[in-house]
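Novice: Here are the chains, one letter per residue:
Protein chains: 2
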Amino acid sequence: MINRICIIGVGLIGGSLARALKASGACKEIVGTSLRAANQNSGKHIPGKQSTGNQSSANLLKAKQLNVIDRFETEISVAVKDADIVVVSVPVGAQDAIFIALADCVSSDTIITDVGSTKRSVSDSADKYLGKLSTNFVPAHPIAGIEKSGVEAASGDLFQQRRVIITPTENTSKIAVSVVQSMWEKTGAEVIKMDIDHHDEVLAATSHLPHLLAFSLVDTLSQLDEKSEIFKYAAGGFRDFTRIASSDPTMWHDICLANSNAILAVLETFTRDLKKLEQAIQEKDSQFILDVFVRAKKSRDTFCNEQL
Amino acid sequence: MINRICIIGVGLIGGSLARALKASGACKEIVGTSLRAANQNSGKHIPGKQSTGNQSSANLLKAKQLNVIDRFETEISVAVKDADIVVVSVPVGAQDAIFIALADCVSSDTIITDVGSTKRSVSDSADKYLGKLSTNFVPAHPIAGIEKSGVEAASGDLFQQRRVIITPTENTSKIAVSVVQSMWEKTGAEVIKMDIDHHDEVLAATSHLPHLLAFSLVDTLSQLDEKSEIFKYAAGGFRDFTRIASSDPTMWHDICLANSNAILAVLETFTRDLKKLEQAIQEKDSQFILDVFVRAKKSRDTFCNEQL
Numbered sequence: 122m123i124n125r126i127c128i129i130g131v132g133l134i135g136g137s138l139a140r141a142l143k144a145s146g147a148c149k150e151i152v153g154t155s156l157r158a159a160n161q162n163s164g165k166h167i168p169g170k171q172s173t174g175n176q177s178s179a180n181l182l183k184a185k186q187l188n189v190i191d192r193f194e195t196e197i198s199v200a201v202k203d204a205d206i207v208v209v210s211v212p213v214g215a216q217d218a219i220f221i222a223l224a225d226c227v228s229s230d231t232i233i234t235d236v237g238s239t240k241r242s243v244s245d246s247a248d249k250y251l252g253k254l255s256t257n258f259v260p261a262h263p264i265a266g267i268e269k270s271g272v273e274a275a276s277g278d279l280f281q282q283r284r285v286i287i288t289p290t291e292n293t294s295k296i297a298v299s300v301v302q303s304m305w306e307k308t309g310a311e312v313i314k315m316d317i318d319h320h321d322e323v324l325a326a327t328s329h330l331p332h333l334l335a336f337s338l339v340d341t342l343s344q345l346d347e348k349s350e351i352f353k354y355a356a357g358g359f360r361d362f363t364r365i366a367s368s369d370p371t372m373w374h375d376i377c378l379a380n381s382n383a384i385l386a387v388l389e390t391f392t393r394d395l396k397k398l399e400q401a402i403q404e405k406d407s408q409f410i411l412d413v414f415v416r417a418k419k420s421r422d423t424f425c426n427e428q429l
Numbered sequence: 122m123i124n125r126i127c128i129i130g131v132g133l134i135g136g137s138l139a140r141a142l143k144a145s146g147a148c149k150e151i152v153g154t155s156l157r158a159a160n161q162n163s164g165k166h167i168p169g170k171q172s173t174g175n176q177s178s179a180n181l182l183k184a185k186q187l188n189v190i191d192r193f194e195t196e197i198s199v200a201v202k203d204a205d206i207v208v209v210s211v212p213v214g215a216q217d218a219i220f221i222a223l224a225d226c227v228s229s230d231t232i233i234t235d236v237g238s239t240k241r242s243v244s245d246s247a248d249k250y251l252g253k254l255s256t257n258f259v260p261a262h263p264i265a266g267i268e269k270s271g272v273e274a275a276s277g278d279l280f281q282q283r284r285v286i287i288t289p290t291e292n293t294s295k296i297a298v299s300v301v302q303s304m305w306e307k308t309g310a311e312v313i314k315m316d317i318d319h320h321d322e323v324l325a326a327t328s329h330l331p332h333l334l335a336f337s338l339v340d341t342l343s344q345l346d347e348k349s350e351i352f353k354y355a356a357g358g359f360r361d362f363t364r365i366a367s368s369d370p371t372m373w374h375d376i377c378l379a380n381s382n383a384i385l386a387v388l389e390t391f392t393r394d395l396k397k398l399e400q401a402i403q404e405k406d407s408q409f410i411l412d413v414f415v416r417a418k419k420s421r422d423t424f425c426n427e428q429l
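Top to bottom, those sequences are chains P and F. Everything in the first sequence is counted per this note's numbering, starting at 122 for the first residue and increasing by one. Everything in the second sequence is counted per this note's numbering, starting at 122 for the first residue and increasing by one.
Hint data in this document are derived by calculation from the structure and do not stem from the laboratory. Any given hint might turn out to be false.
[Stated by the list, open to error] Capping the alpha-carbon separation at 27 Å, the derived lysine-lysine pairs in BS3-like fashion look like this:
no.: 1; chain 1: P; residue 1: Lys295; chain 2: P; residue 2: Lys143
no.: 2; chain 1: F; residue 1: Lys314; chain 2: P; residue 2: Lys348
no.: 3; chain 1: F; residue 1: Lys269; chain 2: F; residue 2: Lys295
no.: 4; chain 1: F; residue 1: Lys307; chain 2: P; residue 2: Lys269
no.: 5; chain 1: F; residue 1: Lys185; chain 2: P; residue 2: Lys348
no.: 6; chain 1: F; residue 1: Lys353; chain 2: P; residue 2: Lys419
no.: 7; chain 1: F; residue 1: Lys307; chain 2: F; residue 2: Lys149
no.: 8; chain 1: P; residue 1: Lys353; chain 2: F; residue 2: Lys185
no.: 9; chain 1: F; residue 1: Lys295; chain 2: F; residue 2: Lys185
[Unchecked claim] Okay, the calculated bits of chain F under chain P, using three or more residues with CB under 8 Å as the criterion:
no.: 10; region: 195-203
no.: 11; region: 271-279
no.: 12; region: 406-415
If you're wondering where the values come from, they're calculated on a predicted model, not measured in any experiment. Don't be surprised by glycine CBs; every beta carbon is placed ideally from N, CA and C.
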């Protein structure tokens with residue numbers, strides 16, 4: 122059993138992890154803290170774009186009241202004291218700030234992990250700011266999430282039968298990997314190891330690009346003259362297609378910047394193929410259009426049958 | 122009460138209409154027939170690209186066995202005999218063939234309507250092939266549908282609290298409009314009149330473009346080297362985003378060709394905006410990215426709150 126876990130950023134993912142670990146009896150005490158606590162306590166200049174994430178003590182109080190965490194601390198050094206594991210659960214653009222703060226106050230016995238959707242950026246950030254502690258850092262990404270955010274949406278079932286990808290390097294402590302793997306397995310998830318850059322490429326295609334397209338489409342439509350009618354006559358298909366455009370803008374802004382290379386590469390491929398489809402419609406190339414749609418339906422149906 | 126309705130193409134939409142009308146007691150007898158019956162009986166050369174829709178007598182037999190229709194006929198002239206209303210429920214690319222067949226065998230008392238997702242093409246086709254009967258034709262489009270197709274998926278509840286857009290012209294018989302409106306209201310739908318080309322523009326944005334993007338994205342991803350992993354690590358967001366890529370390829374192929382002008386126009390606007398977002402990611406223009414995502418989330422949340 123884990124004695125104490127500190128979760129930095131008790132939102133949907135951090136809160137769901139806390140609920141799952143409490144429900145499974147895997148951890149004696151869960152302490153919550155926030156990005157703001159890290160920022161206030163680091164006392165250092167934090168480079169790069171700051172996330173607009175607003176994990177304040179009001180949010181931590183709510184997490185305590187909802188019984189998601191056992192207690193919360195607004196001093197990062199107090200929050201991480203004697204923690205076996207520190208889980209960084211903030212938008213990926215805020216990870217630099219967290220690592221800078223942690224470098225000053227985390228013991229060398231403490232294992233650090235994260236839940237970010239991009240792994241190259243966080244891995245580089247950990248190497249840069251955690252110093253010797255970086256061997257205790259295990260980059261992790263639970264492939265779970267809904268368009269809702271915030272601790273109110275947290276659920277202990279969120280990771281059941283989902284996958285968690287971890288991307289340790291050859292420098293990562295084997296014990297740390299084992300502890301993080303075991304923690305996620307307690308939530309009902311399957312843990313899979315993957316190369317850092319390969320993770321970022323796969324997720325750019327399957328998650329980051331779809332979010333980008335959904336946000337972009339809804340924004341385009343919302344600026345058309347007929348926008349009120351467009352939304353009025355939208356049916357269930359549109360609702361499903363655009364669900365991910367209701368996701369947290371800050372989180373996805375951070376992902377776009379943190380994984381920009383992989384996202385731009387797959388976006389270029391998509392745009393090239395979309396252009397071909399556009400030309401086929403212009404030229405009334407019936408067979409081309411039908412071929413694309415038939416292949417897509419077959420892939421999508423196969424994917425869903427395998428998942429269900 | 123309607124005495125007899127003939128439905129040409131008893132799939133998801135035609136079958137759901139039949140079920141709804143039977144459930145509400147709005148119609149004494151529902152006769153099913155098929156595109157194949159129309160093709161076999163018209164005996165004329167049918168111009169344009171033929172739909173690959175395969176509404177055969179096996180499908181009609183299934184519809185009868187499922188009690189969706191009261192009887193079926195494989196001779197189009199027998200099927201439409203003494204029908205008060207003929208509902209054309211085939212992929213929009215097959216409407217020419219239907220109208221050619223109907224022109225020879227429908228009485229001048231019979232009202233004709235359709236359920237197609239594009240209205241300019243069907244309206245022009247009716248004018249061209251129905252001759253004098255075209256004043257009895259009321260173009261209609263129920264804004265309802267799921268990614269499933271076929272009579273097995275038909276449900277009498279499909280149109281409950283949904284909208285049906287009708288696009289009559291000044292030449293359309295007022296009685297015909299009134300009868301078609303009343304028929305749809307019996308299914309629980311709200312009927313709204315709209316200009317033909319305006320319908321096609323609004324639907325291109327809210328329905329046709331999203332389908333195009335979903336088909337195109339899934340096809341692109343399915344051809345990447347990492348395709349098996351991409352689908353393996355896809356989560357709920359991807360499943361929702363791509364649900365419409367499981368729709369009937371023939372139906373959507375036909376829609377893309379029938380409404381190509383409006384689709385190409387809104388696709389161009391979308392592509393232009395997507396290019397700006399791509400540039401912003403390349404240039405790490407944080408504010409631009411965040412602004413797009415915040416606007417999109419706001420629009421999507423507002424749309425969903427209004428719909429629910």
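Novice: Decide, hint by hint, whether the structure agrees.
Specialist: Outcome of the hint check:
no.	hint	verdict
1	P:Lys295 x P:Lys143	holds, 25 Å
2	F:Lys314 x P:Lys348	holds, 18 Å
3	F:Lys269 x F:Lys295	violated, 34 Å
4	F:Lys307 x P:Lys269	violated, 37 Å
5	F:Lys185 x P:Lys348	violated, 42 Å
6	F:Lys353 x P:Lys419	holds, 15 Å
7	F:Lys307 x F:Lys149	holds, 13 Å
8	P:Lys353 x F:Lys185	violated, 36 Å
9	F:Lys295 x F:Lys185	violated, 33 Å
10	195-203	violated (count 0)
11	271-279	violated (count 0)
12	406-415	holds (count 6)
Consistency with the previously given hints fails for numbers 3, 4, 5, 8, 9, 10 and 11, ordered from lowest to highest.
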